[in-house]
Amino acid sequence: MSAVRTILSCLFVVSVCCTANVAAQTPVQCGPEDEENEIIKPKGKQAVPAASPGKALVIVMYKGVVGKSYQVKLAVDGKWQAVLKKNQFSFFEIDPGVRRLCWGGRVPKRDDNFLLLTAQAGQTYYILGTLREGITELDPTEGQKYTAKYDYVTFKVRPPN
Amino acid sequence: MTTSHSRFALRTSGRIAFAIGVVAVGATLFQKTALATSRQEIDKSPPPAPKTWSNVMYLGGVAGIRGKSLDWKNTLTVSATEIKFAGTGKTPIRFEIATASIRALDYSGHKHVNDGSASTGFLLGGLAGALLGSSAKSIDHYALLEYALPDGSPSAVLLRLHKDNQEEILATLRAVIKPTGPGAPR
Chain S
0 MSAVRTILSC LFVVSVCCTA NVAAQTPVQC GPEDEENEII KPKGKQAVPA
50 ASPGKALVIV MYKGVVGKSY QVKLAVDGKW QAVLKKNQFS FFEIDPGVRR
100 LCWGGRVPKR DDNFLLLTAQ AGQTYYILGT LREGITELDP TEGQKYTAKY
150 DYVTFKVRPP N
Chain R
0 MTTSHSRFAL RTSGRIAFAI GVVAVGATLF QKTALATSRQ EIDKSPPPAP
50 KTWSNVMYLG GVAGIRGKSL DWKNTLTVSA TEIKFAGTGK TPIRFEIATA
100 SIRALDYSGH KHVNDGSAST GFLLGGLAGA LLGSSAKSID HYALLEYALP
150 DGSPSAVLLR LHKDNQEEIL ATLRAVIKPT GPGAPR
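Just so you know, the sequences run in chain order S and R. Residue numbers for the first sequence follow numbering that gives the first Met the number 0, beginning at 0 and rising by one. Residue numbers for the second sequence follow numbering that gives the first Met the number 0, beginning at 0 and rising by one.
One thing to keep in mind: the hints can contain errors.
No more than 30 angstroms apart at the CA atoms, straight line, and that leaves these computed lysine-lysine pairs for DSSO-like [unchecked claim]:
no.	chain 1	residue 1	chain 2	residue 2
1	R	K136	S	K78
2	S	K144	S	K44
3	R	K89	S	K62
4	S	K85	R	K89
5	S	K78	S	K108
6	S	K62	R	K50
7	S	K148	R	K89
8	R	K110	S	K84
9	R	K177	S	K108
10	R	K110	S	K78
11	R	K50	R	K110
12	S	K78	S	K67
13	S	K108	R	K72
14	S	K78	S	K62
15	S	K108	R	K136
16	R	K72	R	K83
17	S	K148	R	K50
18	S	K62	S	K42
19	S	K44	S	K84
No wet-lab data here; the hints were simulated from the structure.
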């Protein structure tokens, strides 16, 4: 009995060590996993502004699936910049240059969740996120179709308990 | 006598199990170290002839190119003068990067649990099967090339490589990327 217990303990230790490895070495970092966010829905329709001088604008939209919708998030260079549920969009500004985008929250962990973007000042980038296919950049004309029918949201970080 | 024999057997099996555990933990740590993201060193040997591989995915980055190409049928050609990507599909992504403009090459090996292996293991072998299944991992290989645009501003490209071609592609890239001055290829 004691031998069985020892073997099970060893298997547990090995599985814990292997699990610790899983999240390591991604080419693009998401935001902090323990950060909790609250989605805020401003009243009325939100027009998408132009990027400020010297900045680029990112508009992110989440095309959900039928059923309950969970929070999904978009991180830029390791910091969450947008938190959404299905059929919502948000926007934020970024500095020009190479930006590393990561799609996180309640989505399957896969490499489609990574996207590199060479941002140029004054440009607007439309990013579409889905549950199954991660994130990709859309043509502005196509992106505007989503912002026309989706709800604009923003978010705040919940203080840790 | 029987009690002392069974105690001895238990102690021995316990030691064997402990040893297996130590070896497994050691192997895991070794793998972890070996997979750590590393800035690739530049090989100064003569540049090789152009080579083409399929099984390469494009995960964005190239200035002026919209979207990604997650099809393994894409091809990547590396020569001494340029790195050429040719996507597939209705609107294939294509781009070329001058080898001389490349500033850095980063490799990342992302180890993750195989989809469904834990649940398959559970169905086949119960708890022990699930434990073994969850330890079945595969590694995704990524190459990130940083390069300079004609105006000198930075850009980059993220590629996912296949387990069967990643070593050869990385070796070829290392061979063709040449140092071009301070701060360039690391």
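- request: Mind listing which of the numbered hints don't hold for this structure, in increasing order?
  value: Of the numbered hints, 6, 9, 17 do not hold.
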